[in-house]
Each structure stands twice: as structure tokens, then as C-alpha cells.
Amino acid sequence: MKLTITNALYSTNESFYISNDDYETLDWKSDKPKPTKEWCENKVKAMQAEVDSQEYARSRKLDYPDIGDQLDALYHAGVFPANMAARIKETKDKYPK
Amino acid sequence: MADIKINEKLVVSQTGTAEPVLASGITGIPAAGITGVLPVGVTGGTGLNKQSVEIWYEAFPAHNNASYPYQQEIGEWNVGYNMEVGNHNILGKAPPSFTAVSAIKIGVFNIQGQFANQGIRMRWQIAGNVQAYNTHSLGDTTVATFPGTDTNANYIYEADAFNLTGSNDFEDIIAEGDYFTMAFDDLQSHNSAVMGVAITWDF
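Chains as they are written, first to last, in this note's numbering: chain A, 13 to 109; chain B, 762 to 964.
Zero decoy hints are in this set.
Distance windows between CB atoms, simulated:
no.	chain 1	residue 1	chain 2	residue 2	range
1	A	105	B	836	39 to 45 Å
2	B	892	A	102	54 to 60 Å
3	B	816	A	62	36 to 42 Å
4	A	48	B	916	38 to 44 Å
5	A	72	B	892	32 to 38 Å
Note that these hints are calculated values from the structure, not bench results.
Virtual Cβ for every residue (Gly too), placed ideally from N, Cα, C.
If we strip away everything but chain A, and leave its shape as in the complex, we get (with noise of 0.2 Å):
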């Protein structure tokens, strides 16, 4: 996603109405000091660098298998603690495939 000088100023939790994301039609309603335009393109990069570093927990989000797909394949492989591997095998002997 690409942040413009709209997110910045959403990120002062601060009263304004911008047009376009054109600084110039800025109205600032807040009483706390207008922000400048440097100080919103120095906070756009800013933003975008923190989102871009985190492309890559999205992207394995989206392709990591299914947590109970993970949690099935722990159990098979025996590294349950006792209680919980007999919890689950009730549950398993309970409704017979």
C-alpha cells in the first residue's frame, strides 16, 4: 500500500480537512500547530518504510498453513505434553473417522 500526506495527517489523530492530498488545501482544524509539509513527507517515508518492512509477515500470513493443519501435525509427530495428546485422542476416539 502506498501512504500519501492524508495517512500522515490521519496519524495526529487531529482535526483537518485535506483535498486530493494536495497540502495546499489543507484546513487545519486542530488548536496544536499545523503540521508543515516537510514534516508530513518526512512522516509519509517514515510510515511507508514501517509498512514495507512488514511486507513479509503479510505475504507468510497469507501462505503459512492452516493453524489447526499445524497444531494436527505437532500431535502426530509426539510433541504434545501427555495431558493435552490424551485430551485430544478422547477427542478423536470420541468421533471415529
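Given chain A, put chain B in place with the hints provided.
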């Protein structure tokens, strides 16, 4: 020359090249938007008056935190889950041929009374067809505060978002056919829910 008839009833007649004459005893209701001097025979022109319609846009919880539900029940009211977890949003489209917005009312279910200045704030964005999503954007703006005492818990409040900031407000910007979203959040960290927004469109 020809006479003009509607449902076989004579409305206008003309003889030879003389000016057309409106038949006597004709009454009617002009359609909305018709302007000009009403013929003598036309009465009951209520269609010339301004008409307004209030449209309700129901809010939905927009959080994506799988650890929390999306709804909560208080009595028979099923509303979006606590705004502490995430915004409540509406989506809408400005109706064709509207001439103005004359009211914006936000229905709030204030579930928890805890803080002195608890209330809601809002953002909105507006864009027309083939326009960027952030063609028009409003940042976090306080709409209203509610009494933060336990006696005011589980009360319903109506917040007024018309002329919210005095310039570049929703009603100043929105145009026929525009799509819009409004996002709501709580001012303090307390349980509340926006039920929806009633916008009055004038025609």
C-alpha cells in the same frame, strides 16, 4: 390545430391560429422542480415545495482483531462490539438530484459510564466515480461528549454532526453520486457503539 387531452379530458384547446386556451376547471400538481407561473386553473402545487428524506446508514464494526467478537447485546439491542477495539463505520452514496444536506444525526449507544469527557469522534472520506479514495478527507474531529457516570451507562444519545467544524464540512463537500464513508471512535477508552447515521437529504 389540435387539442391536448389527458385521459380524454380536454386540457388545452386552440381554434385556428388563435393562442391556445387552458381549459377551465383543470387542476393538477406540478412535478418537483417545475418552475414558472402557474396557470390560473392549476391549484394545489405542493410539488413545488422543498422535500426532504432522512436516510439511515447502519454502522458496522470494522476491527480485524480475531480475539474479539463483532457484536454485543444489551437488552434486545445488538450493536457493534466496543469501539475500544476498533472503529465503527458506515458506507453510503449521495442520492441523485439532492440539493443540500440539512441534518446529520449519529445514534450512539453509550454502554459504559466511566470518564468525564467520554464521547465520540469521527473521520470521513468522500470520492466520486473514478476518483481516489482520499479525494476529500476529514481527520479525527470530536462530535459530542456524554455524561460519564454510571447512571448514564446504557443510554442512547444522538450526536449532531451538522456544521461540525464550520468549513469544508461533509454537507459542504458531498455532491450528487459521491460515495462516502464515516469512521467513528471513542474519545476515551470506554465501551460505546455507534448504531448508525441519519442523513437528511433535501430535494
